[in-house]
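Engineer: Take the sequence shown: its position 112, counted from the start at 1, is 111 in numbering that gives the first Met the number 0, and no numbers get skipped.
None of these hints come from the bench; they were simulated from the model. Just so you know, nobody snuck in bad clues.
Pairs of lysine-lysine, DSSO-like flavour, derived with a Cα cap of 27 Å:
1) 102 - 146
2) 102 - 119
3) 102 - 160
4) 76 - 102
5) 119 - 160
6) 146 - 109
7) 146 - 76
8) 51 - 22
9) 146 - 160
10) 160 - 109
11) 109 - 119
12) 76 - 160
13) 119 - 146
14) 119 - 76
15) 76 - 109
What follows is a list of derived Cβ distance ranges for each label pair:
16) 94 - 3: 41 to 47 Å
17) 97 - 142: 20 to 26 Å
18) 108 - 158: 22 to 28 Å
19) 94 - 7: 42 to 48 Å
20) 10 - 126: 31 to 37 Å
Every residue gets a Cβ at the ideal spot worked out from N, C-alpha and C, and that includes glycine.
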Amino acid sequence: MSFSVPPTLEAELDELATHYPQKRSASLMFLHAFQEHFGHVPREAVEWTARKLGLQPINVYELVTFYPMFRQQPVGKTHIKVCRTLSCALAGSAELREHFCQKLGLDSHKHTPQTTADGKFTVEFVECLASCGTAPVVMVNDDLLEKVTVTEADRVLASGKK
0 MSFSVPPTLE
10 AELDELATHY
20 PQKRSASLMF
30 LHAFQEHFGH
40 VPREAVEWTA
50 RKLGLQPINV
60 YELVTFYPMF
70 RQQPVGKTHI
80 KVCRTLSCAL
90 AGSAELREHF
100 CQKLGLDSHK
110 HTPQTTADGK
120 FTVEFVECLA
130 SCGTAPVVMV
140 NDDLLEKVTV
150 TEADRVLASG
160 KK
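Sequences and hints are given; from them, build the entire structure.
Structural biologist: Next comes the structure, spelled out in structure tokens:
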């Protein structure tokens, strides 16, 4: 697969870089733009960003691997993030994640993001979704769901199968 940055995206990134006194400071914004455009941050985008900003690729890789909001692989059309921090864990998030995995035929023992073969769903255990008082919480794409039950989980799956 050959990688290319569409001219409109490159122009947007060039303009964006002008807002920073040091080129390196634009790195995070470049990565956000790539993820928004491609749905994830491809390896080639990391290398392209490094070249464009006069950095070593490791300087960009360290951002992609450190910040959990960046994805290095494509995700399903419905991206289900289940919070695993203490409040949610105590409220049953592990069981909720296991329920999602079982219903979708995914390995509930695997703790990395998993995508169904048809590409419709990705299930991921994530750190705090910042709604501890309404645990367990799940983020479905950009929607935060609070006090999620198995019944609610089944509704999420049913709506994503359409």
